[in-house]
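**Student:** Protein chains in written order, with numbering that gives the first Met the number 0: chain R, 0 to 103; chain F, 0 to 349.
Since the hints were derived computationally from the structure, they do not count as laboratory data.
Please note that a few of the clues may not be correct.
Quick list of the computed label-pair ranges, beta carbon to beta carbon [unchecked claim]:
1. THR79(R) - PHE136(F): 34 to 42 Å
2. VAL88(R) - GLY316(F): 30 to 38 Å
3. PHE83(R) - ARG336(F): 20 to 28 Å
4. PHE2(F) - VAL80(R): 51 to 59 Å
5. GLU97(F) - LEU84(R): 35 to 43 Å
6. LYS47(R) - TYR243(F): 40 to 48 Å
7. ALA68(R) - LYS83(F): 29 to 37 Å
Ideal Cβ placement from N, Cα and C applies to all residues, glycine included.
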Amino acid sequence: MSLKRILSTALLSIVLVCTIPVVDQAARTAIASEKQETALSMTIDTKKLSGINLVIARMYNEDRVLYAAMVTIVMAVLGTVLAFLTDLVLKALGLEVSRISHRE
Amino acid sequence: MDFFNIYLPVAGIEFNALLLVLIGFCVGVLGGFFGVGGGWIVTPALNIFGFHMAFAIGTDLANIFGQSIGATKKHHKMGNIDWKLGTISIVASIAGLEGGSQVVLLLEKAGDIGSIVRWCYLFLMIGLSSLMFYDYFSRNPKKAAGIHDQSKLAGQIPQREKATIADRLHRINIPPMISFPDSGIKSVSLWIVLAIFAFTGFLSGFLGVGGGFIRMPALVYLIGVPTSIAVGTDLMSVLFSGAYGCLTYSLKGRVEIIAAFIMLIGASIGAQIGATAVKYIKGYGIRLLFALMIAFAGCSIALEQIYKITGNEAYQGAAGIVLMGTAVTMTLIIVIRLMAGFRREQIMKM
């Protein structure tokens, strides 16, 4: 085993041993703080809302399945459209991609 | 800047739209370039700036799903996706993920699970970055020193390269053997591939993370996939896990759609730029940048843990600065390298 490998293994071991008590204590504190965190509300107060915010809030409150379907479809459609538009801009700038050779 | 503040009805908070676009752009570039979801950057970033943790995770998953579509398509165009390997990775990862989450449930009954999970997370970050740094500086010393093929110049027979972990795993002959022509792998035991992905899936389930940053190095170092194909194939898995995450979190009411929508504008543009940059940076360059990013993310986690022990908010602030600083710096490096590579290509064409 080379000296370089022995030194790097020793260094890594020291770092790990030193972090154990710190991480353990941190985790205990984190769990205690998580228990104190307040529960999230599952309905939205629509009194002060209007426009698109009101539509989204109503859907969220009344039909969660429809809300989930809408979120998933909107993200898929928007992701595709934006990627297409960005691709067009990049092509116009000359940054077109084709099959590449895989160099290491 | 208050002009850009918008009200997010589901999360019930006001948030700066420009900040959302910036976070989205950074994670898009990093996701497209490294083939990871980037949840370990977006979730803490949203949380630091005021999102409740549950909304931060759900909104991030919705964004990951949207941004991965375009980036996966671009990697496919570049021939960076091994669909066969990717499909096997999804199936085996799901089994591993289920196993990991079951272990978490068992340990929860026994008592203090949080400390074990966090300890493993930090251990994994340090271990992965150390392995990748070691690999870069030990296997590529000539390239690092700018000496190329010295043995050829001196008329000597080139030294036989040392067998990698992947080479050793390929030699294990447990039928059925399978080949991955797209990745240049002639023969490997299906059981070895399944075991590797089940293990990475197990870690994802155990740590509660998407797992892109675990799968990408596993593809490179354990299966022996070229780095750019590892990036594309991993991104394909991220796309499917993101779609599932988006649906399940929005069913639970934990996706802030307006925030995800705005973040996706930056993320989609960033993902296309990140995926294109893979064309201009060699495999080892990607590995080095990935190792640097993991190392800084590990520092941020360590600072966050110190904050939880001491209660000193300065550490939490420092953790946020390190995390966002790493994301912004890495994004800049990738964009600059892309521009430099493009300029070089244009000069060569002339």
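**Student:** Which hint numbers doesn't this structure obey?
**Tutor:** Hints 4, 6 contradicted; others consistent.
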